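Let the sequences and hints guide you as you build the complete structure.
From first to last, the protein sequence lines stand for chains L and Y. Residues in the first sequence are numbered from 24 upward in steps of one, following our numbering. Residues in the second sequence are numbered from -17 upward in steps of one, following our numbering.
Treat the hints with caution; some may be incorrect.
To be verified - Calculated pairs, PhoX-like style, for lysine-lysine (alpha carbon to alpha carbon, straight line, at most 20 Å):
id: 1; chain 1: L; residue 1: 242; chain 2: L; residue 2: 25
id: 2; chain 1: L; residue 1: 25; chain 2: L; residue 2: 108
id: 3; chain 1: Y; residue 1: 66; chain 2: Y; residue 2: 29
id: 4; chain 1: L; residue 1: 231; chain 2: L; residue 2: 300
id: 5; chain 1: L; residue 1: 242; chain 2: Y; residue 2: 88
id: 6; chain 1: Y; residue 1: 88; chain 2: Y; residue 2: 74
id: 7; chain 1: Y; residue 1: 66; chain 2: L; residue 2: 137
id: 8; chain 1: L; residue 1: 300; chain 2: Y; residue 2: -14
id: 9; chain 1: L; residue 1: 231; chain 2: L; residue 2: 242
If you're looking for bench data, these hints aren't it; they were derived computationally from the structure. Just so it is clear, the structure is predicted and the values come from calculations on it, not from any experiment.
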Amino acid sequence: MKFQSQKVAWLFFATSLVLLALQLVYGFIMGFAHMGYDGLHEWIPFNTARAVHTNLLVVWILSGFMGAAYYIIPEETDRELIAPKLAYVQWAALVIVGVIAIVGFHFNWWEGRKFLEIPRPLDFLVVVDVLLFIFLIGGTIWKGKRRTTTSLVLYFGLLMAALLYLPGMIDFRSHLFDSYYRWWVVHLWVEGVWELIMGGLVAFLLIKLTGVDREIIEKWLYVVVGFTFLSGILGTGHHYYYIGAPKYWLMVGGIFSALEPLAFLGMAMYGIAMARKGGRKHSNRLALVWTLGTCIMSFVGAGFLGFAHTLPQVNLYTHGTLVTAMHGHMAFWGAYGMLVFACMAYMLPELTGRPLFKHSKISEWAFWTSTIGMIAMTGAFAVAGVAQVYLERMSGMDFLDVQEAIEVHFFGLVLAASLFSLGIILFVVDFWRSGLPLGGITLKAEGLPAGGASDVGLEAPEAVG
Amino acid sequence: MLSKSAARAFFLGGTVLTGLVFIGMTVDTHRQAPARTNTAALTDEVKAGHVIWTENNCMGCHTLLGEGAYYAPELTKVISRRGKPWIRAFIKDPEAMFPGRRKMVKYDFTDEQIEHLLTFFEWIEGIDTNGFPADPPYKPVDGPVAAGSLALADAPEKFKALCVACHKVGGKGGIVGPALDDVRARYDRPALDRWIQDPQAVKPGTAMPKLPLSDPERAAIVDYLLGAQ
Chain L
24 MKFQSQKVAW
34 LFFATSLVLL
44 ALQLVYGFIM
54 GFAHMGYDGL
64 HEWIPFNTAR
74 AVHTNLLVVW
84 ILSGFMGAAY
94 YIIPEETDRE
104 LIAPKLAYVQ
114 WAALVIVGVI
124 AIVGFHFNWW
134 EGRKFLEIPR
144 PLDFLVVVDV
154 LLFIFLIGGT
164 IWKGKRRTTT
174 SLVLYFGLLM
184 AALLYLPGMI
194 DFRSHLFDSY
204 YRWWVVHLWV
214 EGVWELIMGG
224 LVAFLLIKLT
234 GVDREIIEKW
244 LYVVVGFTFL
254 SGILGTGHHY
264 YYIGAPKYWL
274 MVGGIFSALE
284 PLAFLGMAMY
294 GIAMARKGGR
304 KHSNRLALVW
314 TLGTCIMSFV
324 GAGFLGFAHT
334 LPQVNLYTHG
344 TLVTAMHGHM
354 AFWGAYGMLV
364 FACMAYMLPE
374 LTGRPLFKHS
384 KISEWAFWTS
394 TIGMIAMTGA
404 FAVAGVAQVY
414 LERMSGMDFL
424 DVQEAIEVHF
434 FGLVLAASLF
444 SLGIILFVVD
454 FWRSGLPLGG
464 ITLKAEGLPA
474 GGASDVGLEA
484 PEAVG
Chain Y
-17 MLSKSAARAF
-7 FLGGTVLTGL
3 VFIGMTVDTH
13 RQAPARTNTA
23 ALTDEVKAGH
33 VIWTENNCMG
43 CHTLLGEGAY
53 YAPELTKVIS
63 RRGKPWIRAF
73 IKDPEAMFPG
83 RRKMVKYDFT
93 DEQIEHLLTF
103 FEWIEGIDTN
113 GFPADPPYKP
123 VDGPVAAGSL
133 ALADAPEKFK
143 ALCVACHKVG
153 GKGGIVGPAL
163 DDVRARYDRP
173 ALDRWIQDPQ
183 AVKPGTAMPK
193 LPLSDPERAA
203 IVDYLLGAQ
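Rendered as C-alpha cells:
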C-alpha cells in the first residue's frame, strides 16, 4: 500500500463479503423451496428470495469492483484519491440504498424486472452514488501523474457500466421494449463492460504478480477486450430471440454469441501465458491462483456453458429453464465472484500488512472448496435443467409434475452449495484474522480535518501483524 | 509482431463498428415492433396488467417469453393452455387448485385487476415470438379413442373451462389427473357428487381442488360423467 486513501478499499471488500454471506442464505432458502421445503413461504416467498439473491449478487460484485478500483487507481496514477472523504460518503450511500432495497423486497416494494428489481425512486439514488464514484475515480486519473492503459480500461468499463444503467430506467409502454432495454443493462454489463473491468483488474493483478512487462500485458489486454466487445455487443441478440423482436436476431445473436467464448478463452490463455512468462515469483501465490482461477472458470462458466445453450435451435427448448441457472451460477462466480476474491487476496495483505492470504492453509482450502463446490452445484443444476428440458419442453409433461420429479437433484444442489459455502466461510475467517488496514480506517493520516469515517472509531486492534 | 497501437485500434474499431450495427438494428426493431407485437391492441388495460405483472414481481417465480425465474410455469401461452375461467378461479385461491403442492402467493386482486392481467396475457400471446414456446416434439400422441368414451364436445361449459385442464375425456385434455371416460364404472351419483363438492373431505391431501361450481353446474358435470344425459 503506497497511499493512505487506498484503505477505503477495505470497507468495500468487507461489505462485499457481508452481502455475499447474505446472498448464500437466500440461495439456500430457494434451494430448499425447490426440494419442496418451503416453510418460509408466508414471510419470504420465492420471488422475494430470488430478488434478494440476485440483487445482493449485483451489489456485492459492484462493491468489490469499487473497492478494487479505489485500491488500484491511486497506485496506477501515482497519487492519493481526490477527496477520499467522499469515497466514504459514497460507500455509506451504497450501503443505505442496498439495505433499503433488500428490506423493501420483503414488503412487495420493487419493480419485477429480473436483476433490476430495485424500485424506481431508489434507482435515482443509485445513479447519484455511481456518479460520485465515477467522479472520484475519473478525477484522480485526470489529476494523476501518469495515465496507464490499465487504469483507462478500468475507468472506461466503470463509466460505461454507469451509463448503461440508464436505459433500464426508461418506462416503456410495451413489454417488448421494457425487456429489450433491460438487457442493455444486464447483458451489456455482464457480457460487455464488466468484462472490460475484469480485463483491467486482471491486467493490474498480472502486472503485480507475474512481473511481466506492463507494455506486453496491456497490449494483450486490448486484444482480449477487443474480442469481448466484438462478440458481446451483437451477442445481446441472444436475449432478443423470443421477445417479439425481428427474426434476424436469431441469426445475429446466434453467430455473435458463438464468438463470445473466444473472448473468455482469450482471457484464460492470456492469464496462463503471462503467469508462465513471469520470471518473478511473487510471494502472494494464492492471489495468482485466484487470478488464474477466475480466468479459467469464467471461460468454462460464462464462455463454454453459455455457448452450450445460446444457439437458437437449442435455446428454443432450454430458454427459461433451470439450464439457465446452471450457466448463470458458474458464470457469475467464475468471471466476477472469483475476480473480486482475487483482488481481495492480493490487496488485503498489502492493506493490512498481514500475509494470511498469501500462504495460510485456510485460504488455500477456501479456494479449493469454493471452486469444487461451485463445479458440483453446476453439475446439479445441469442434471435438473436437462431433465426439465426433456420432460417438460420435449415431452410435454406438466410443469409441476416435472418439478416434483427433479426435486432430488436439488438435494444434490444443496449439498454442493454447502461445500461452496464452507469455502466462503474459510475465506471470511482469513479476512477476519487479517484485521483492519494498517493504522486503522481513519482520515487523519492524510492531514484532512477530523470527521467522517474517523468518527466511527474504527481502529486496527493489532495494527502490524 | 502486433504492436500496442494496433491492438488498441482493433479494440476501438471493433467496438465502434459492432456498436453502430447494434444501434442500427435497434432502430429497425422499433420500426418492426408495431406489426410484430400488435401495438394497436396495446390498450390501457394491457398496460395496467403489465404494471400488475411488474409491481408484484411475477417474474420472480414465473417466466414470460422465457424470461424470469424457474420456480413456476411459463406463462406466454397460458390463456390458450388453461383458459380464462380456470385462471380466474386459480388466482383467487392458488393453493386450492393445487393443494399440498408448490405454493403461490395469494394476492387478493380485484376482479378488475384479474381482467387486466388476462388482457395483458392475451396481448403477450399475440406477439410474434419466432416460435417460442415450441410444441413438445416428443409429446405422446393420443391413442385411438376407445369405444364408449365420452365426447368433449358434449361436455358442459364449466367442464370444458376447468376440468379438462387436468383430465382427459375422449383422448382430449390434461394429464395431471386420470382420464374420466370410465368414471361411471367406478362411481355412483352420490359418491361422485360428494367428491367434486369437496375432494379434501373424501381424500385428504388429494391434488384435486375444490372448484368454484354452483349446485346446478356440479349436477350438470355429474350427469355428463355418468352418461345420464
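Status of the hints after comparison with the structure:
no.: 1; hint: L:242 - L:25; result: violated, 26 Å
no.: 2; hint: L:25 - L:108; result: holds, 18 Å
no.: 3; hint: Y:66 - Y:29; result: holds, 18 Å
no.: 4; hint: L:231 - L:300; result: holds, 13 Å
no.: 5; hint: L:242 - Y:88; result: violated, 57 Å
no.: 6; hint: Y:88 - Y:74; result: holds, 7 Å
no.: 7; hint: Y:66 - L:137; result: violated, 26 Å
no.: 8; hint: L:300 - Y:-14; result: holds, 18 Å
no.: 9; hint: L:231 - L:242; result: holds, 16 Å
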